[in-house]
Amino acid sequence: MDSAPKKKKSVSSKQDKSQAGSVKSKKQQPPGEILEQQNSQHDIQIDDHPQQADPFISQPPQQQIKVCIHHNLPFQFFCEACEDPICQQCTILGPHNTQLHRINRLSDSFKLRCAKIEESIKANLLGKREQLLAQIHRIEYRIEEIKYVKTIIERDARAEFGGVLERLKQSEGQKLAILSHEISELQRDLDKINEVGSQFYDLKEIPDPCPFLLKSRNIYDQIEYMVAKPFKVQIEVYPYDLPRELTELRLQLQRASAQQQLIEFKNEIIWKLLSEKQIDEEAIKQELERQASEEINEWSKLVDKFSMELRKQQLVCYYCGCKMEKQYVNSICVQNRQEQDYDKVFCNEQPPQNHHGTSRHYFADPIL
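First residue of the sequence shown: 1, per full-length UniProt numbering; consecutive thereafter.
Be a bit skeptical, because a hint or two may be false.
As the list claims (entries may be wrong) - Computed list of lysine-lysine pairs in DSS-like fashion (alpha-carbon distance at most 27 Å, straight line):
#, residue 1, residue 2
1, Lys-326, Lys-344
2, Lys-150, Lys-169
3, Lys-215, Lys-122
4, Lys-128, Lys-66
5, Lys-305, Lys-277
6, Lys-111, Lys-128
7, Lys-128, Lys-229
8, Lys-111, Lys-169
9, Lys-128, Lys-169
10, Lys-169, Lys-192
11, Lys-128, Lys-192
12, Lys-175, Lys-150
13, Lys-285, Lys-305
14, Lys-122, Lys-229
Stated by the list, open to error - What follows is a list of derived Cβ distance ranges for each label pair:
#, residue 1, residue 2, range
15, Arg-188, Glu-80, 30 to 36 Å
16, Tyr-328, Glu-281, 35 to 41 Å
17, Ser-180, Lys-111, 40 to 46 Å
18, Ile-178, Lys-111, 42 to 48 Å
19, Asp-221, Gly-163, 49 to 55 Å
20, Leu-126, Ile-235, 22 to 28 Å
21, Glu-236, Lys-285, 55 to 61 Å
Rather than coming from a laboratory, the hints here were simulated on the basis of the structure. The beta-carbon is built from N, C-alpha and C at its ideal position, and this holds for glycine as well.
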């Protein structure tokens, strides 16, 4: 009876000693090795308790744990500058141990990039998707309009002309081909958007963040490309320009007789105008010549009259050369004095001798 309790006490004391020794050894270990051991123990505990798979939910394929190619250790960090997952030794020994490398934890980088891409999808890509869907609906409605108008025209033309129907089908086929091509282009962009979204959410659900981080840049570039890619909003194919040959032929037949009568009436009017123009043209020409000659004679008389008046106004003083103007006519001529030598004169006509020295002007025609 006494031996059994003693054995239990000895076993418990050994366990306490081993735990104390492990604690002492942990205290003596550096903090980097302790962090590695905790992460490895956490991974072992996760592997020891696997979750039960739900038979109704498709499970993602199991992936092997990727390790660092430099140190053969599991990835714990992510270099934002190089966009590569790295281990802890890469931050200590290299090649990511300089200030040029921005290092974050895998979980932090995963959350940041998930939030950025999800925000871009919600802010831009979903709006573009709605626009593409609306454009597809508009084109489909336009296709229905084209088909409706085509059936109306086909009902009128079927009884008379088979060729009209054939050309109508060709025109319809061209329009539908163009619109179907536009729908295919829009559907391709829509499928690309759905593919990007499904790719993002599939990678987001994978427990290992490395595949997502490796493809995050590609996903973000695809989002930017799809958002920036333009699409034609205006539908340039219309149903109302389909050929209406039967209606046009009927209108042409109705207008043919009226147009012929109108052409004959116009020809008669033109012939009469030409004949009357030839008769009146000579009389108009003679009348214009007579009026022109009379006008020229009147202008010549006016020229002679004004030239004479101009000559009168051009008289200058014999002594001082001033023009015959109102302020000089009754004024004193400073050059006409007794002691003046009349060497410099301004007129051809000389005044009488008794006019010299009188201080008066003598106007005559100037020397030219």
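Checked hints:
no.	hint	in the structure
1	Lys-326 to Lys-344	24 Å, holds
2	Lys-150 to Lys-169	8 Å, holds
3	Lys-215 to Lys-122	19 Å, holds
4	Lys-128 to Lys-66	37 Å, violated
5	Lys-305 to Lys-277	42 Å, violated
6	Lys-111 to Lys-128	25 Å, holds
7	Lys-128 to Lys-229	10 Å, holds
8	Lys-111 to Lys-169	57 Å, violated
9	Lys-128 to Lys-169	34 Å, violated
10	Lys-169 to Lys-192	33 Å, violated
11	Lys-128 to Lys-192	12 Å, holds
12	Lys-175 to Lys-150	11 Å, holds
13	Lys-285 to Lys-305	31 Å, violated
14	Lys-122 to Lys-229	17 Å, holds
15	Arg-188 to Glu-80: 30 to 36 Å	33 Å, holds
16	Tyr-328 to Glu-281: 35 to 41 Å	60 Å, violated
17	Ser-180 to Lys-111: 40 to 46 Å	44 Å, holds
18	Ile-178 to Lys-111: 42 to 48 Å	46 Å, holds
19	Asp-221 to Gly-163: 49 to 55 Å	54 Å, holds
20	Leu-126 to Ile-235: 22 to 28 Å	23 Å, holds
21	Glu-236 to Lys-285: 55 to 61 Å	60 Å, holds
The structure shown violates the earlier hints numbered 4, 5, 8, 9, 10, 13 and 16.
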